[in-house]
Amino acid sequence: MFHKRRKRMKTITDTITLALPAAAFPMDPERILFFDIETTGLSPRASSLYLIGTIHASGADQYTITQWFADTSASEQEMLTCFLEQLEHYDGLCHFNGRTFDIPYILNKCDKYHITPSSHCQDILSDTTQTRSFDMLLQLRPLKKLFGLAHGAQKDWEQFIGIDREDIYSGGDLIQVYSSYRQDLLLHPEQAAVKEHLLLLHNHDDLIGMLHLVKVLTYRLLLTRKKESPARIEHATLLERRPGCSTATISFELSTAVPRKVHVTAPIPWPKLFRDQPQKELELTLEHSLGLLTIPCVHEELKYFIPDYKNYYYLPEEDTAIHRSVAEFVDKAHRKAATAATCYVRKTGDFIPSVSGKIDCDGLLLFQQEHRDKLCFAALPEPASEDDGSSWLPAYVAAQLGCFL
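Going by our numbering, the first residue of the sequence shown is number 2, and it counts up by one from there.
Keep in mind that the hints are not guaranteed to be accurate.
As the list claims (entries may be wrong) - Here are the simulated lysine to aspartate or glutamate pairs, DMTMM-like style, with alpha carbons at most 20 Å apart:
no.: 1; residue 1: Lys216; residue 2: Glu159
no.: 2; residue 1: Lys216; residue 2: Asp157
no.: 3; residue 1: Lys216; residue 2: Glu235
no.: 4; residue 1: Lys216; residue 2: Glu254
no.: 5; residue 1: Lys273; residue 2: Glu302
no.: 6; residue 1: Lys337; residue 2: Glu319
no.: 7; residue 1: Lys375; residue 2: Asp277
no.: 8; residue 1: Lys156; residue 2: Asp168
no.: 9; residue 1: Lys348; residue 2: Glu371
no.: 10; residue 1: Lys348; residue 2: Asp309
no.: 11; residue 1: Lys375; residue 2: Asp361
no.: 12; residue 1: Lys359; residue 2: Glu371
no.: 13; residue 1: Lys216; residue 2: Glu288
no.: 14; residue 1: Lys348; residue 2: Glu387
no.: 15; residue 1: Lys281; residue 2: Asp374
no.: 16; residue 1: Lys11; residue 2: Asp185
no.: 17; residue 1: Lys216; residue 2: Asp62
no.: 18; residue 1: Lys11; residue 2: Asp72
no.: 19; residue 1: Lys11; residue 2: Glu79
no.: 20; residue 1: Lys145; residue 2: Glu284
no.: 21; residue 1: Lys311; residue 2: Asp332
no.: 22; residue 1: Lys262; residue 2: Glu159
no.: 23; residue 1: Lys262; residue 2: Asp157
no.: 24; residue 1: Lys311; residue 2: Glu329
no.: 25; residue 1: Lys359; residue 2: Glu302
Stated by the list, open to error - Distance windows between CB atoms, simulated:
no.: 26; residue 1: Ser44; residue 2: Leu147; range: 30 to 36 Å
no.: 27; residue 1: Thr82; residue 2: Asp361; range: 46 to 52 Å
no.: 28; residue 1: Pro384; residue 2: Thr132; range: 46 to 52 Å
no.: 29; residue 1: Glu301; residue 2: Asp29; range: 45 to 51 Å
no.: 30; residue 1: Met28; residue 2: Arg261; range: 22 to 28 Å
no.: 31; residue 1: Ile162; residue 2: Gly364; range: 36 to 42 Å
no.: 32; residue 1: Ala61; residue 2: Pro384; range: 46 to 52 Å
no.: 33; residue 1: Thr238; residue 2: Thr101; range: 41 to 47 Å
Read the hints as simulated data drawn from the structure, not as lab findings.
For every residue, glycine included, the Cβ atom is placed at its ideal position computed from N, Cα and C.
All chains, please: the whole structure from these sequences, using the hints.
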């Protein structure tokens, strides 16, 4: 750890080694700056900024921490300038609750000292789209209820993935410590040094903790519904299943490992026909780079509704639709122009529900009970069939994962 004094401000740097999944970062890990501030209160008009800390990638699994620490309130302007100078070299910011607290506080202090951030920095600091200014609190909030966290503060998430920090204080606890530090600087320098260590340690651990929370973002990456998300499922296999069994289990591999084993469930909006199902929910287990998805099976006759209904005829007596090229050979009295609701073929077999609705995947047909039903079903391969589902199971699993948030 290196200390450098610049006027009334101390600059402290440190380097840590930490392996993190690059795919979980909100943007290029080399182009993002993590930051956290420490203040003597919540209001920028009635409190002082005494510490700004940042951490950024500086090599393979290497991260550099920079802390600007104020000996007096006169250091605020210099700290702000140093922070903005560093931000100039990055494409985005990552923070925890920074959108609500840290960034508004920084901008208010800039106004106080008539500091005008560059257009590059201003674009990042004013971003509300989660593309250049990335608030981990907002990203992790949907996971809080799913994983049973009471509060969802940064320390709660650190404990969730087993991170033990040396720091034992909250930011509020340290307000009095900083006040006491300032009083001890001249008369009790040894005591001041101890308190300075506590102040720096809290910010230091917050910064490292944020880096660790990138691992938690792997859950969000997996459970997102966004169509533009990259492929997340490497392989998927239907485990051995007996015909007529009430559940099916699909094992799959994750492109990015999760930091902790989790088991979660999601409700299925069953239509009336299936509400007596013994298995009411989807069940998901994630551990390391493996996942298990357990889905209820139904043995029924369902319908595949053909989208191109204008080129089909419906045969009421057979209760099925056929293409117009074939329907030409059927007596007109026994055929009708198909509608969206009558253009279907029927199939009896074992099916698993697609809670996410339609899935864009070649080779996967989705069945319904009726045309307007929101719940769709995928037909499970027949036990003796050459089709083991491997062509569509990864897409099916990826779609269902989006139903757990």
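Hint check:
| no. | hint | result |
| --- | --- | --- |
| 1 | Lys216 <-> Glu159 | 10 Å, holds |
| 2 | Lys216 <-> Asp157 | 14 Å, holds |
| 3 | Lys216 <-> Glu235 | 19 Å, holds |
| 4 | Lys216 <-> Glu254 | 17 Å, holds |
| 5 | Lys273 <-> Glu302 | 15 Å, holds |
| 6 | Lys337 <-> Glu319 | 12 Å, holds |
| 7 | Lys375 <-> Asp277 | 18 Å, holds |
| 8 | Lys156 <-> Asp168 | 10 Å, holds |
| 9 | Lys348 <-> Glu371 | 13 Å, holds |
| 10 | Lys348 <-> Asp309 | 19 Å, holds |
| 11 | Lys375 <-> Asp361 | 16 Å, holds |
| 12 | Lys359 <-> Glu371 | 14 Å, holds |
| 13 | Lys216 <-> Glu288 | 13 Å, holds |
| 14 | Lys348 <-> Glu387 | 18 Å, holds |
| 15 | Lys281 <-> Asp374 | 18 Å, holds |
| 16 | Lys11 <-> Asp185 | 17 Å, holds |
| 17 | Lys216 <-> Asp62 | 14 Å, holds |
| 18 | Lys11 <-> Asp72 | 7 Å, holds |
| 19 | Lys11 <-> Glu79 | 10 Å, holds |
| 20 | Lys145 <-> Glu284 | 18 Å, holds |
| 21 | Lys311 <-> Asp332 | 18 Å, holds |
| 22 | Lys262 <-> Glu159 | 15 Å, holds |
| 23 | Lys262 <-> Asp157 | 16 Å, holds |
| 24 | Lys311 <-> Glu329 | 14 Å, holds |
| 25 | Lys359 <-> Glu302 | 19 Å, holds |
| 26 | Ser44 <-> Leu147: 30 to 36 Å | 34 Å, holds |
| 27 | Thr82 <-> Asp361: 46 to 52 Å | 50 Å, holds |
| 28 | Pro384 <-> Thr132: 46 to 52 Å | 48 Å, holds |
| 29 | Glu301 <-> Asp29: 45 to 51 Å | 48 Å, holds |
| 30 | Met28 <-> Arg261: 22 to 28 Å | 24 Å, holds |
| 31 | Ile162 <-> Gly364: 36 to 42 Å | 38 Å, holds |
| 32 | Ala61 <-> Pro384: 46 to 52 Å | 49 Å, holds |
| 33 | Thr238 <-> Thr101: 41 to 47 Å | 44 Å, holds |
No hint from the list above goes unmet by this structure.
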